[in-house]
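Chemist: Given chain A's structure and the hints, the job is docking chains B, C, D, E and F onto it.
In order, the protein sequence lines correspond to chains A, B, C, D, E and F. Under our numbering, the first residue of the first sequence carries the number 4, and numbering increases by one thereafter. Under our numbering, the first residue of the second sequence carries the number 4, and numbering increases by one thereafter. Under our numbering, the first residue of the third sequence carries the number 4, and numbering increases by one thereafter. Under our numbering, the first residue of the fourth sequence carries the number 4, and numbering increases by one thereafter. Under our numbering, the first residue of the fifth sequence carries the number 4, and numbering increases by one thereafter. Under our numbering, the first residue of the sixth sequence carries the number 4, and numbering increases by one thereafter.
In short, the hints are calculated from the structure, not lab data. Ideal Cβ placement from N, Cα and C applies to all residues, glycine included. Warning: the hint list may mix true and false statements.
Said to hold, decoys possible - Here are some of the chain E residues that sit facing chain D, going by a computed Cβ distance under 8 Å: (1) 19; (2) 56; (3) 59; (4) 60.
Number of protein chains: 6
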Amino acid sequence: MSEFTHFNDQGRAKMVDITNKQESNRSATAHSSITVNESIYKGITSNQMKKGDVLAVAQVAGIMAAKQTSTMIPMCHPIPISGVDIQFDWKQIKENYQLLISVTAKTKGSTGVEMEALSAASVCALTVYDMCKALDKGMVIGQTYLTHKSGGKTGDYSRDEPVE
Amino acid sequence: MSEFTHFNDQGRAKMVDITNKQESNRSATAHSSITVNESIYKGITSNQMKKGDVLAVAQVAGIMAAKQTSTMIPMCHPIPISGVDIQFDWKQIKENYQLLISVTAKTKGSTGVEMEALSAASVCALTVYDMCKALDKGMVIGQTYLTHKSGGKTGDYSRDEPVE
Amino acid sequence: MSEFTHFNDQGRAKMVDITNKQESNRSATAHSSITVNESIYKGITSNQMKKGDVLAVAQVAGIMAAKQTSTMIPMCHPIPISGVDIQFDWKQIKENYQLLISVTAKTKGSTGVEMEALSAASVCALTVYDMCKALDKGMVIGQTYLTHKSGGKTGDYSRDEPVE
Amino acid sequence: MSEFTHFNDQGRAKMVDITNKQESNRSATAHSSITVNESIYKGITSNQMKKGDVLAVAQVAGIMAAKQTSTMIPMCHPIPISGVDIQFDWKQIKENYQLLISVTAKTKGSTGVEMEALSAASVCALTVYDMCKALDKGMVIGQTYLTHKSGGKTGDYSRDEPVE
Amino acid sequence: MSEFTHFNDQGRAKMVDITNKQESNRSATAHSSITVNESIYKGITSNQMKKGDVLAVAQVAGIMAAKQTSTMIPMCHPIPISGVDIQFDWKQIKENYQLLISVTAKTKGSTGVEMEALSAASVCALTVYDMCKALDKGMVIGQTYLTHKSGGKTGDYSRDEPVE
Amino acid sequence: MSEFTHFNDQGRAKMVDITNKQESNRSATAHSSITVNESIYKGITSNQMKKGDVLAVAQVAGIMAAKQTSTMIPMCHPIPISGVDIQFDWKQIKENYQLLISVTAKTKGSTGVEMEALSAASVCALTVYDMCKALDKGMVIGQTYLTHKSGGKTGDYSRDEPVE
Numbered sequence: 004m005s006e007f008t009h010f011n012d013q014g015r016a017k018m019v020d021i022t023n024k025q026e027s028n029r030s031a032t033a034h035s036s037i038t039v040n041e042s043i044y045k046g047i048t049s050n051q052m053k054k055g056d057v058l059a060v061a062q063v064a065g066i067m068a069a070k071q072t073s074t075m076i077p078m079c080h081p082i083p084i085s086g087v088d089i090q091f092d093w094k095q096i097k098e099n100y101q102l103l104i105s106v107t108a109k110t111k112g113s114t115g116v117e118m119e120a121l122s123a124a125s126v127c128a129l130t131v132y133d134m135c136k137a138l139d140k141g142m143v144i145g146q147t148y149l150t151h152k153s154g155g156k157t158g159d160y161s162r163d164e165p166v167e
Numbered sequence: 004m005s006e007f008t009h010f011n012d013q014g015r016a017k018m019v020d021i022t023n024k025q026e027s028n029r030s031a032t033a034h035s036s037i038t039v040n041e042s043i044y045k046g047i048t049s050n051q052m053k054k055g056d057v058l059a060v061a062q063v064a065g066i067m068a069a070k071q072t073s074t075m076i077p078m079c080h081p082i083p084i085s086g087v088d089i090q091f092d093w094k095q096i097k098e099n100y101q102l103l104i105s106v107t108a109k110t111k112g113s114t115g116v117e118m119e120a121l122s123a124a125s126v127c128a129l130t131v132y133d134m135c136k137a138l139d140k141g142m143v144i145g146q147t148y149l150t151h152k153s154g155g156k157t158g159d160y161s162r163d164e165p166v167e
Numbered sequence: 004m005s006e007f008t009h010f011n012d013q014g015r016a017k018m019v020d021i022t023n024k025q026e027s028n029r030s031a032t033a034h035s036s037i038t039v040n041e042s043i044y045k046g047i048t049s050n051q052m053k054k055g056d057v058l059a060v061a062q063v064a065g066i067m068a069a070k071q072t073s074t075m076i077p078m079c080h081p082i083p084i085s086g087v088d089i090q091f092d093w094k095q096i097k098e099n100y101q102l103l104i105s106v107t108a109k110t111k112g113s114t115g116v117e118m119e120a121l122s123a124a125s126v127c128a129l130t131v132y133d134m135c136k137a138l139d140k141g142m143v144i145g146q147t148y149l150t151h152k153s154g155g156k157t158g159d160y161s162r163d164e165p166v167e
Numbered sequence: 004m005s006e007f008t009h010f011n012d013q014g015r016a017k018m019v020d021i022t023n024k025q026e027s028n029r030s031a032t033a034h035s036s037i038t039v040n041e042s043i044y045k046g047i048t049s050n051q052m053k054k055g056d057v058l059a060v061a062q063v064a065g066i067m068a069a070k071q072t073s074t075m076i077p078m079c080h081p082i083p084i085s086g087v088d089i090q091f092d093w094k095q096i097k098e099n100y101q102l103l104i105s106v107t108a109k110t111k112g113s114t115g116v117e118m119e120a121l122s123a124a125s126v127c128a129l130t131v132y133d134m135c136k137a138l139d140k141g142m143v144i145g146q147t148y149l150t151h152k153s154g155g156k157t158g159d160y161s162r163d164e165p166v167e
Numbered sequence: 004m005s006e007f008t009h010f011n012d013q014g015r016a017k018m019v020d021i022t023n024k025q026e027s028n029r030s031a032t033a034h035s036s037i038t039v040n041e042s043i044y045k046g047i048t049s050n051q052m053k054k055g056d057v058l059a060v061a062q063v064a065g066i067m068a069a070k071q072t073s074t075m076i077p078m079c080h081p082i083p084i085s086g087v088d089i090q091f092d093w094k095q096i097k098e099n100y101q102l103l104i105s106v107t108a109k110t111k112g113s114t115g116v117e118m119e120a121l122s123a124a125s126v127c128a129l130t131v132y133d134m135c136k137a138l139d140k141g142m143v144i145g146q147t148y149l150t151h152k153s154g155g156k157t158g159d160y161s162r163d164e165p166v167e
Numbered sequence: 004m005s006e007f008t009h010f011n012d013q014g015r016a017k018m019v020d021i022t023n024k025q026e027s028n029r030s031a032t033a034h035s036s037i038t039v040n041e042s043i044y045k046g047i048t049s050n051q052m053k054k055g056d057v058l059a060v061a062q063v064a065g066i067m068a069a070k071q072t073s074t075m076i077p078m079c080h081p082i083p084i085s086g087v088d089i090q091f092d093w094k095q096i097k098e099n100y101q102l103l104i105s106v107t108a109k110t111k112g113s114t115g116v117e118m119e120a121l122s123a124a125s126v127c128a129l130t131v132y133d134m135c136k137a138l139d140k141g142m143v144i145g146q147t148y149l150t151h152k153s154g155g156k157t158g159d160y161s162r163d164e165p166v167e
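Next up, chain A with everything else stripped away, as it sits in the complex (with noise of 0.2 Å):
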């Protein structure tokens, strides 16, 4: 089994070493969703509410925390984000709605960019809270996990088994 690789050899964190590692064309998907009220929702989406302003704040603030990964995780390499693609659904869950939020990063890199994926979901649906927490401080961040990778030794991943 492979071991932890963030430490050094007094036991400590480092930033592995990635000198070696070739270079490769890297994709990563990250799904995270937040789950808003009925009055949040028409807010959102509704023509009234100026459709779309909020996740357009969001996806700008998803695709910048994508670029700023690496000053936020500690051990995370910096790498050449090359793309970076956010998509909304929403799913209605009795009374309440459901934005489902799927980030896409990529990077011709040498190490993978799931980091980036999974932060620009986090920081969207952060921002999405922080837009709507006058009408309801109960909003909840839903799971936030990883869906797909692909590029790198370790191969493609895919979740096949849904997160209850």
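Modeler: What follows is chains B, C, D, E and F alone, placed relative to chain A:
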């Protein structure tokens, strides 16, 4: 009902004016979590795995993220954070282990410190993911939400119903 | 006549001491613009081009830049920005179209908020350039200047003569 | 005609995918300016005012801004800047003086370096404003535009008509 | 004896709570240095080497670092820096030359400004190293320490014994 | 003799052009230290003081600083850091204790990684100061210098004479 507070009269986002809000002591507590398999759990907690270091890195990341919240979240006001404390607990869920993350952030400022607590909790969980992802990419970051806030004009908030 | 205020007694730049200046409510409004061709104008404003999104991104960029001003401008003091609002207007100039950008920034601080308004206006214009440059690299960012400030010891300022 | 390249199929902004673009040597030169009164001009240029220091600070600010461009401009890709050079010239306009700012930025990357040159030029001008605003808040930052670019698939660009 | 103040009751680091500390005027002065060979000394100080520019860049770097201290130092509180001044002196040591760096930082805040002064002094020295390292990689950054602080509950501090 | 490489033909600083330098594997090791009294030494190292945590925070700070070097040091090129490792040792000096800090940084880039190693070492020492300053403000950060570099056109460097 209160309205969306981040839109200007052109229907676009703005940073709302808090110039005339009073400074007061404010506090917010947010919850997040990450579920890991037994092998990662043992690695993080056993003496052989240099107990506490993954959590130590995650905690530093969370505290630094609290200070970067207004840089990350577009419409968030910069506030002078006066304290951040992060607590960890473990909970076994069948064969897996859930790291419970609780972040309390404080400020003496003109607006609330909810986003700082939530951002710190999210970045804390993301950092654990980053440090353990060589072992398992299937870890899931759990629901992230506000559990308590105090101070400010809108008064105190405590989540009274559990999040399912 | 007042002297240059950013030099120390060795003739080098310093960040001037404002420790004993009183906090007061301050506001500043800055103007910038960018001139684009008809095709870009239509792209930005027509329904088919998803009206508002270029401007939405530009606006988020401007607001975030206001918060980063003291990081960007070396001798600029960090101040607690309490509000930022960005307004857009269009003006036809012969066959081209000029996007007028007006940014108002506010603070309750010990020094003025002019640089924040000017920086936000500049970054707003730069972002429009970035998002449209695939269509035309010849866009010109127009003159950028302060139109109004209030608050602080030096009192109010309004540009009374038009900028040619 | 080429289309807007920053929108995804939901009509929202994304960071376009450049994973498969070739790296090449690229260069871009941008122009900005700031017009100041005679007193400020003399202050900046005379020996008594420690010649060069306002410009030295502005230049450092411009170079640092070039490196921060992808942090400032939301859809801008991070690229490895390989060189930045800033040149200053003075031009008398009636009783005022115009500081001409020319920034050349270089990269060996997968996308152009125009935004880096433009951002550096803007921040350079903003910094001069900041350092002289105690003397006159009426300074005007002049038109800012690309004068030349080379490298990349779209080839070379040179502005051939003067900007009025 | 006072205890370590950055640990929570789980024995992990936290950002200590200063919500109830009074704001007061505070000042701190830190010292650093860098020893260079005669060739570099002459390059920095002679007219032919464009006197002052290495120091001008170092000084801007130091001032900007003071403003980034709470971003760099994990448990450091963000404070509103109200002034930074950096002084340089030269001292000959046998065949070498030592650049003495003295940084005074000020704030009107709830906690001290020592870290800002120390960080600025360090970054100042690092910048001189960076700008001269093509000539000699053997330069040594000297001891870095606090020489004075005033303000705050713990009162004034002055180093009374020389650092060997 | 080589000349100062950060000046343009106007005698002002620039970021030197490395567009045509070859990428190669590079490594640099820097040394710093901080001298603390026995009480702080015992606090950091004893089991009762949660051994390792001050060092864990310092180490995270150092690694994050390595990634921020080109943001901190004005003329420093952004390079893709591929690994950072920080080692600590203790040395008793009469009644005091010196924490020896050794940082090795690696890159596969077009310019050296010396500044990253030096910056990380400095920030590491500054962080220890920050976390212990409640006990003693008289701690002294020791000499900071390059001990080794490899890779690049200028070849290897090793400090062969001890720093006094």
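Chemist: With 8 Å as the cut and Cβ atoms as the points, is residue 59 of chain E at the interface with chain D?
Modeler: With a closest approach of 4 Å, the residue 59 of chain E hint holds.
Chemist: Would the hint on residue 56 of chain E stand, with a C-beta cut-off of 8 Å toward chain D?
Modeler: holds, 6 Å
Chemist: For the hint on residue 19 of chain E, just tell me whether its beta-carbon gets within less than 8 Å of chain D.
Modeler: violated, 30 Å
Chemist: Does the nearest C-beta of chain D fall within a distance shorter than 8 Å of the C-beta of residue 60 of chain E?
Modeler: holds, 6 Å
Checked against the numbered hints listed earlier, the structure breaks hint 1 alone; every other hint is satisfied.
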